[in-house]
Amino acid sequence: MLTGRDILTTKQFSIKELDLILKTATRFEQALKEKRVLNNLDGCIVASLFFEASTRTRLSFEAAALRLSGRVISMPEAAVSSLAKGESIADTAKTVDGYADVIVIRHAQKGSAQTAADYAAHPVINGGDGSGQHPTQALLDLYTIFKETGDVSGLTITLLGDLKNGRTVHSLSYLMAKYGNRMIFASPSSLAMPAEITAELKSLGGDVSETSDVDEALAESDIVYVTRIQRERFEDPAEYERLKGSYVIDMKTVARAKKGIKILHPLPRVDEIATEVDAYEGATYFRQAHNSIPTRMALLALVTGRA
Amino acid sequence: MLTGRDILTTKQFSIKELDLILKTATRFEQALKEKRVLNNLDGCIVASLFFEASTRTRLSFEAAALRLSGRVISMPEAAVSSLAKGESIADTAKTVDGYADVIVIRHAQKGSAQTAADYAAHPVINGGDGSGQHPTQALLDLYTIFKETGDVSGLTITLLGDLKNGRTVHSLSYLMAKYGNRMIFASPSSLAMPAEITAELKSLGGDVSETSDVDEALAESDIVYVTRIQRERFEDPAEYERLKGSYVIDMKTVARAKKGIKILHPLPRVDEIATEVDAYEGATYFRQAHNSIPTRMALLALVTGRA
Amino acid sequence: MLTGRDILTTKQFSIKELDLILKTATRFEQALKEKRVLNNLDGCIVASLFFEASTRTRLSFEAAALRLSGRVISMPEAAVSSLAKGESIADTAKTVDGYADVIVIRHAQKGSAQTAADYAAHPVINGGDGSGQHPTQALLDLYTIFKETGDVSGLTITLLGDLKNGRTVHSLSYLMAKYGNRMIFASPSSLAMPAEITAELKSLGGDVSETSDVDEALAESDIVYVTRIQRERFEDPAEYERLKGSYVIDMKTVARAKKGIKILHPLPRVDEIATEVDAYEGATYFRQAHNSIPTRMALLALVTGRA
Chain R
0 MLTGRDILTT KQFSIKELDL ILKTATRFEQ ALKEKRVLNN LDGCIVASLF FEASTRTRLS
60 FEAAALRLSG RVISMPEAAV SSLAKGESIA DTAKTVDGYA DVIVIRHAQK GSAQTAADYA
120 AHPVINGGDG SGQHPTQALL DLYTIFKETG DVSGLTITLL GDLKNGRTVH SLSYLMAKYG
180 NRMIFASPSS LAMPAEITAE LKSLGGDVSE TSDVDEALAE SDIVYVTRIQ RERFEDPAEY
240 ERLKGSYVID MKTVARAKKG IKILHPLPRV DEIATEVDAY EGATYFRQAH NSIPTRMALL
300 ALVTGRA
Chain W
0 MLTGRDILTT KQFSIKELDL ILKTATRFEQ ALKEKRVLNN LDGCIVASLF FEASTRTRLS
60 FEAAALRLSG RVISMPEAAV SSLAKGESIA DTAKTVDGYA DVIVIRHAQK GSAQTAADYA
120 AHPVINGGDG SGQHPTQALL DLYTIFKETG DVSGLTITLL GDLKNGRTVH SLSYLMAKYG
180 NRMIFASPSS LAMPAEITAE LKSLGGDVSE TSDVDEALAE SDIVYVTRIQ RERFEDPAEY
240 ERLKGSYVID MKTVARAKKG IKILHPLPRV DEIATEVDAY EGATYFRQAH NSIPTRMALL
300 ALVTGRA
Chain V
0 MLTGRDILTT KQFSIKELDL ILKTATRFEQ ALKEKRVLNN LDGCIVASLF FEASTRTRLS
60 FEAAALRLSG RVISMPEAAV SSLAKGESIA DTAKTVDGYA DVIVIRHAQK GSAQTAADYA
120 AHPVINGGDG SGQHPTQALL DLYTIFKETG DVSGLTITLL GDLKNGRTVH SLSYLMAKYG
180 NRMIFASPSS LAMPAEITAE LKSLGGDVSE TSDVDEALAE SDIVYVTRIQ RERFEDPAEY
240 ERLKGSYVID MKTVARAKKG IKILHPLPRV DEIATEVDAY EGATYFRQAH NSIPTRMALL
300 ALVTGRA
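Residue numbers (numbering that gives the first Met the number 0), protein chains in the order written: chain R, 0 to 306; chain W, 0 to 306; chain V, 0 to 306.
Same shape as in the complex, but just chain R:
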């Protein structure tokens, strides 16, 4: 169903395709637990092109490829200069298309993954395109929600923090809308979800509301998805100082929230979740990080037709 397809945005998937991804990830995770050596990508080369900093996403994709016995050629973001040196993304894609069977690309330019996909014959997976999308993060978030709650619909989820600049929450919100979940956007007003995304979600039938009252939101939520608020996003430093505390999750916040609330975070976490929360059973963010492996294994295997 996904063989030969590119993974560019979460908007592209049907429920049936999403279910297939979840099912495949579940199967691979089981195999990993049983320490079975998988050979799905035997003889396949995965090109891992990171034009923008993301060691975490890069290592996770590469580990996923290797877990399936794939082989990896890797361009860490620091080595970018040479390949990027004045060359268009189209030319880079056409060249690397001859080296590899599937291309994972992260690039600061919005739309870059789409361009690469337009020019490469092999499947292209978007590892984050600037302020655009980060679909594989959202899919591992979905897989995490599925595993942690046993369901993907009928949920209330608060997206918390910097909703303006976070491509992760943008990508995830489309998936949540697709499954008919209720979404609460809790952010400082200057970092609210972009109006065009909110409008698009509503047009897709999304149940969306906005608030700046974090406690109220969490009191009704099965899940809170935390993102970091970066000081440099504020024009007025005083506003940052005034607001940042409200968006920090600690055990007091958890105590006021709906019982059993699951806390997700795409990581890296700096201080927006207190380390005391790590011991809380609903703190899923490290399990979530580990879910990147079976999820990305599923995507690599599905697009190459080897699941």
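Hint data in this document are derived by calculation from the structure and do not stem from the laboratory.
Some hints could be false.
[Claimed, not checked] Computed cross-link-like contacts, SDA-like style, restricted to lysine to any residue with a CA-CA straight-line distance of at most 25 Å: (1) R:LYS34 <-> W:GLU28; (2) V:LYS34 <-> R:GLY42; (3) R:LYS22 <-> R:LYS34; (4) V:LYS10 <-> V:GLY97; (5) W:LYS32 <-> R:GLY97; (6) V:LYS32 <-> W:ALA120; (7) R:LYS243 <-> V:GLY85; (8) W:LYS109 <-> V:THR274; (9) V:LYS163 <-> V:THR197; (10) V:LYS251 <-> V:ASP214; (11) W:LYS251 <-> W:GLU234; (12) R:LYS34 <-> V:LEU37.
With the hints as your guide, set chains W and V onto chain R.
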């Protein structure tokens, strides 16, 4: 015939050795097309040491090694500082010689690959040594010419652009001379082929002429090998502005050239070939880039005695 | 005996464990000589996280993993920024713990490897933690001493050069003390072995003396372990100029030393050993560098329970 040998310069090869490389590359390309998993380098480690920027060459060598089931340890150019930190190339070569079965090295210093080869017991392949040679690029160019024209001799080839600084055209010209092809050097006079290379080519029996009339050259050429003219190579910016247009290939240039002319370029291409040319049947540069894989597979397999 | 264990410091090992490491390294080196393909780490992923410059150690660990058919995800020091970006070592360790079966970490912060080990369930190997320890270098030094002298005890060893800042000599001195060897510390007084280490070695029963007379020390030594004296370690440049000559090993030094003295050096060597010494039979430093492969293979195989 090449087992245990270093690949340092295109001058080193006999016609018989070149034929073996072409034949081996052809065989590997066929295997790739049939999606056969090759195990020639099973258990071998290839060290990929890039002291100078060249993600493209690095990724291509690593993909070639992996296609043969080799294993790769990689130093991207950005990680150079530590290994290079005051250490001689000789010491680096002696050290890495204990880690790997074959060493690919790119280094800004002319003669660096020769030095590495002098000190390493395992085969060393020159991935570009400053203004010196880039023999594996020239060999994949040769393989491209062979595939695109069905022959390696009896051809007229124009080398176009910056012939002074381009190690790629230096390396290629020796191969062309060896096969008795006619060469036309078309460049601004300040970027002409170095006199000592022209002299050496002639002493080897090379049929060489020079011109600054691009159209005239292309009207007689089966092949044009385009290189980029970099602004910073000119002392006088006005001269750059005056000349650059003459060395840009677009469909008008193609219309004036010999019918069926094949256009090669080592890439990355910036604006010296208009993108409209990409659709032209004789535009071989992306196929040429892909030819790097079977050619470098052939070299790795031949020097390790596993072809 | 070492299955599931972390490798953090040379202080942690019993003689029995050290013997097992030496025996395992010997066995792997024999297999490498016979060009046998080993599959001990088949299906295992080794994470190679280098937050601090050390291409040599990184490539050697990765080659060791690959020699055992392990798979490698690699973060060269140059790619650090993203992973490190404000994230704690604890969080990084917990995340990567889900990607890999064993983690090799180098980080400028003393105690970093211990922290990683505290938070990761999989074994952590310290690849150098700032001014702390570099246990795997000391273990390959020990393996070198064992191979070159046929013994690990009953020896006199001079540690030469900058003993203050060299974590390599710190790590090695504990191993030498454990085996009851006699140690002579020969350094400029401003770069002497830290008093707390000397005291600890003595409390462990170490036979330790200090001198600034290099010739006298070498006249009694079976082994000299040379480290580099860096100009920037001196407050007074004149002192550096006055002293540096005394700590350079050339063939005149060798002539005055005990007959058959073995010269070790962790590399890279700059000018503290003259290249004329390379031809001397007792110059072991390149063989020592190559011993990193079987030693690190042994460590990776032992901690994963696959030796």
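So, going through the hints one by one against the coordinates:
1. R:LYS34 <-> W:GLU28: violated, 35 Å
2. V:LYS34 <-> R:GLY42: holds, 23 Å
3. R:LYS22 <-> R:LYS34: Satisfied, since the Cα-Cα distance of roughly 19 Å is no more than 25 Å.
4. V:LYS10 <-> V:GLY97: With Cα atoms ~28 Å apart, V:LYS10 and V:GLY97 exceed 25 Å; violated.
5. W:LYS32 <-> R:GLY97: holds, 11 Å
6. V:LYS32 <-> W:ALA120: holds, 14 Å
7. R:LYS243 <-> V:GLY85: holds, 17 Å
8. W:LYS109 <-> V:THR274: holds, 22 Å
9. V:LYS163 <-> V:THR197: holds, 11 Å
10. V:LYS251 <-> V:ASP214: holds, 10 Å
11. W:LYS251 <-> W:GLU234: With Cα atoms ~29 Å apart, W:LYS251 and W:GLU234 exceed 25 Å; violated.
12. R:LYS34 <-> V:LEU37: Holds, at roughly 19 Å.
Checked against the numbered hints given earlier, the structure breaks hints 1, 4 and 11 and satisfies all the rest.
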